[in-house]
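Chemist: Hey, can you work out the whole structure from these sequences and the hints?
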Amino acid sequence: MAEQSIGKSVLRKEDMRFITGKGQYTDDVNLRGQTYGYFVRSPYAHADVGEIDVSAAAGMPGVVAILTGKQVAEDEIGGLPCGWMIHSKDGSEMKQPLHPVMAGSKVNYVGEPVALVVAESFVEAKNAAEMVSVDYSERDAVVSVTDAQSAPVIHEDAPANTCYEWELGEKASTEEAIASAAHVTTYELTNNRLIPNAMEPRAAIADFNPATEDLTLYTTSQNPHLVRLILTAFIQLAPEHKLRVIAPDVGGGFGSKIFVYSEETALAWASMKLGLPIKWTAERSESFLADAHGRDHVTTAQLGLDAEGRFVGLKVKTTANMGAYLSTFASSVPTYLYGTLLAGQYKTPNIYVEVDSVFTNTAPVDAYRGAGRPEATFLLERIVELAARETGRDPAELRRINMIQPDEFPYQTPVALEYDIGDYEASLNRALKMADYDTFADRRAASEAKGKLRGIGFSCYIEACGLAPSKVAGELGAGVGLWESGEVRVNPTGSVTVLTGTHSHGQGHETTFAQLVASRFGISVDDVEVVHGDTGKLDFGLGTYGSRSLAVGGSALAKAADKVVEKGRLIAAHLLDEDAEKIDFEDGEYRVKDSNQAKTFQEIAFAAYVPHDYPLEDLEPGLAEKAFYDPGNFTYPAGTHICEVEIDPDTGVVEIDRFTAVDDFGTIINPMIVEGQVHGGIAQGIGQALLEGCVYDDMGQLQTGSYMDYCMPRADDLPSFAVGMTSTPCTHNPVGAKGCGEAGAIGSPPAVINAVTDAVGVPDITMPATPEKVWRAIATADKNAA
Amino acid sequence: MYDFNYHKPSSIDEAIQLFTDLEDAVYLAGGHTLLPSLKLRLAAPTDVIDLAGIPGLNGIDYSGDDLKVGALTPHDDVSTSPVVQSVIPALASLAGGIGDAQVRNRGTIGGSVANSDPAADYPAAVLGLGAQLVTNQRTLNADEFFTGMFETALEEGELLKEIRFPKPEAAAYVKYPNPASRYATVGVFMTKTSEGVRVAITGAAPSVFRATDMEAALNADFSEAALDGISLDADMMNEDLHASAEYRAHLCVVMAKRAISQI
Ligand SMILES: Cc1cc2nc3c(=O)[nH]c(=O)nc-3n(C[C@H](O)[C@H](O)[C@H](O)COP(=O)(O)OP(=O)(O)OC[C@H]3O[C@@H](n4cnc5c(N)ncnc54)[C@H](O)[C@@H]3O)c2cc1C
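Residue numbers (this note's numbering), protein chains in the order written: chain A, 1 to 786; chain B, 787 to 1049.
Don't read these hints as lab results, they were simulated from the structure. Just so you know, even glycine gets a beta-carbon here, dropped at the ideal spot from N, CA and C. Wrong hints could be hidden among the right ones.
[What the hints assert, rightly or not] Here are the simulated distance ranges between beta carbons: (1) A/G91 / B/M1022: 57 to 63 Å; (2) B/D929 / A/A786: 41 to 47 Å; (3) B/L826 / A/A786: 46 to 52 Å; (4) B/P992 / A/S720: 38 to 44 Å; (5) B/L826 / A/P210: 36 to 42 Å; (6) A/S706 / B/P952: 37 to 43 Å; (7) B/P992 / A/G392: 26 to 32 Å; (8) A/K171 / B/M1022: 53 to 59 Å; (9) A/S706 / B/A838: 26 to 32 Å; (10) A/S720 / B/S849: 45 to 51 Å; (11) A/S720 / B/A838: 39 to 45 Å; (12) B/P875 / A/M699: 46 to 52 Å; (13) B/D789 / A/E76: 27 to 33 Å; (14) B/P841 / A/G33: 45 to 51 Å.
Modeler: Written out as structure tokens, the structure reads:
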């Protein structure tokens, strides 16, 4: 019998290959006769494309072919679709301008692909790409979110550059509540635009076999089946059964590898046209320009409080940047992943949110770690903080008196979601203790004695994970179902191969899922192999995003494993000559109740495949089961983050002195992996709060196009995090898990900004709160104090 | 990167000869500035002359009056040298604050100084300490060496051999790093010598410069308070996404005060 591993920090099975450089990433795959693709990209944010002269380039050494957007159009290859239909307030459908695989007559952002050069080597492709001459006539660029609706139109079918004007909640009651509130806090904010920066740049190899007409696409994807579905059903490149999509080891995604992009689509099309395998690997500069970016909201909000400090109404108006085109899930991010989260952990009875999404001449914007939920949390946890300051209340206490209580679940919010379970105060209390909130005043005094400023900031976040009940998603406009599938194959020797439709690109699924299945069978984690990322191996799956893998994919595996256990029970009943109901399965053994008659899991597996003594009349041989799991609700991870900063007033440099995160992720399979996810998420959240900011100039040129200017968080920017857990297991999935992948990035930014503004004594500092901004804010605060 | 011809001469004369004969040649030292610009295709020389095979260009020597550092000495050697640490500790600590371990193991003092990047650290030490720069044809004073952004008094093909640092009475370098690149947004090298105080500032302006107002004030009274009334002209400062000219001018004074506090 193997040791029960649920709740244990089993070391990651995948790490040996990763840390010894033996991972197999897309760029590590090399096919016989492989050619290389290089994209000619627009140097302008907004320009008409005239003639493309490829004659000089075509004569360059090694060049195989040069393909342009015009040829894409001639071949009637459809545009890249957006998979989520949003309806405007007036009931009209969102505007979905053609998102061409390569630009046709107009380019709409810097970096947009215009032509694809295919050559025998990477360098030859790149050299030839430089010789492709494109006749551009530049137009004025629309860059700023705030001006977009009054700027010249980018897509004729999207007047006022508006994709949709969406709303959620009750307008009249919310306005009334705010009008009669004892206090109203108003907050105007910008949620800064981010560039995802996965460690592995995007890459693809398309390999069309003219003899069998099979197309294989290796790609850096978080959801290979979705890529296959979109390329076949929507773009109609190849029939679904003739397309195999493989996402091998993938080095980070953070959302940016959910989407179907121009590059792999163009490559697949070109490979079919040329009958050759073609590889493309993004250079880092291309990643900056052409990966989907994140966030980019401008918002005004009002929060009304009654005389006791209870929230009575929240009204929000947001303008969200979609970039030049709608990326795969872009439309859902500032709507159903944002507006629905505005209740937070609180009992605010009236909430109304309006979101205008606009097109600009910038790279497409889509889901990035947290996707909508960080934007909601930032708004809410900042306005609550401001309300506490304005009404002279302790920020922790103001939150506490407004929290939904444990006995109030299930709790229906005014913005569509029904929270199943939670204990928000438990996390708050634990975090206050871990952060030594009681003695903060002493630490502040000590900092002041050194001439430094010290501040503390809270964030009590909630998120909706485990995407998603398919029915609900469908009602809200999703183009796909959001269940997950899993398959558990017990091999004749009793070892187990597990296939999952989710995808691991750093999260450690090969370990967590092995623990989950091993525990169900009472076998060793080492005897379970997890397979993912290949449409040729598993029938279908929906991939990894929205912290769904364990809650949804793990639940499918749990169901499949339970089916295996039940079938095993029938085999055991036969072998032990007893009724199935009289047989217990525990610790890897089928045992007749109250007896020492037993068969091991391995014996049953062997009997299933060597059925010499087997109930063949009633039961098929073999021991493998599949399951699909469609969740009954979202899951609702929640927690409290507390950040404490010390600021050097001479330079404005912020040092994070302490960071405490207490999260409720429900049941935890592997605490080490969960902590790692929390650490990474907080690092990204602190990055957003203090360091990262994507900047375009007025012409739509990307100013932060390399690590010289785009500031990623590094280890020495961060303190050692104090991470704690509370647990109210999810009520509606068989694992009890809620999801932990995004919480860090969702909870942390407002905690940091609340701490920084608390230290400085100003209401707001726009993210990223760079030293210069903080230094200027200190000057303003000093002037106001004087 | 475009294709180029690679040469590895074994003497200075051979290197100079190659440079003169070849169409569009460039010297390669540690390559940590040159190679990125080749990779980004910002530079496209026909020929690259690797200095690594030339004996005598790499090393640290304090047998005479000055601390002599060969042009090809990597940053890590300077930062970890017990000789540098005892003769001019500020120079060792400056070298230890350049880039990361990989950069420090490849990048060289000669490459950094010859490149005259406005945000590089070494130029502040060279100018602040009043070093002498020995080339294949002459010896230059630091005060005449740095002539502008990415510009020096080196002529076409002139090769930097060695930098000679006089031992100061005391010195300190304080850097405010650009949060993204970690190059200097402002770096102040403060030196006390028998002839007076020298204040060299890198990062702030198009080229490293001496803050003469600060020097005058500090010659009268070497204290942080002496800098209270001093403000640098923001009009001469660089400005970028990370720091405005005004903020840089402010940082110059703050970093100078911190350097004083370390002396
Ligand atoms: C990631 C990264 C971070 C960095 N961070 C910093 C930092 O924080 N601070 C900092 O100051 N620098 C930093 N650098 C730059 C680094 O210190 C470089 O190594 C240095 O600027 C150039 O030295 P090199 O030996 O690499 O020169 P190379 O790149 O080989 O050459 C640079 C230029 O100088 C010329 N040259 C080189 N040697 C000679 C010579 N002896 N005579 C005449 N001409 C010569 C070359 O022809 C070339 O034009 C960083 C670099 C990188 C890649």
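Chemist: Now tell me if each hint is right for this structure.
Modeler: Against the structure, the hints:
| no. | hint | result |
| --- | --- | --- |
| 1 | A/G91 / B/M1022: 57 to 63 Å | holds (60 Å) |
| 2 | B/D929 / A/A786: 41 to 47 Å | holds (43 Å) |
| 3 | B/L826 / A/A786: 46 to 52 Å | holds (49 Å) |
| 4 | B/P992 / A/S720: 38 to 44 Å | holds (40 Å) |
| 5 | B/L826 / A/P210: 36 to 42 Å | holds (38 Å) |
| 6 | A/S706 / B/P952: 37 to 43 Å | holds (38 Å) |
| 7 | B/P992 / A/G392: 26 to 32 Å | violated (50 Å) |
| 8 | A/K171 / B/M1022: 53 to 59 Å | holds (55 Å) |
| 9 | A/S706 / B/A838: 26 to 32 Å | holds (27 Å) |
| 10 | A/S720 / B/S849: 45 to 51 Å | holds (46 Å) |
| 11 | A/S720 / B/A838: 39 to 45 Å | holds (41 Å) |
| 12 | B/P875 / A/M699: 46 to 52 Å | holds (47 Å) |
| 13 | B/D789 / A/E76: 27 to 33 Å | violated (40 Å) |
| 14 | B/P841 / A/G33: 45 to 51 Å | holds (48 Å) |
In summary, the structure is inconsistent with hints 7, 13 from the numbered list given earlier, while agreeing with the others.
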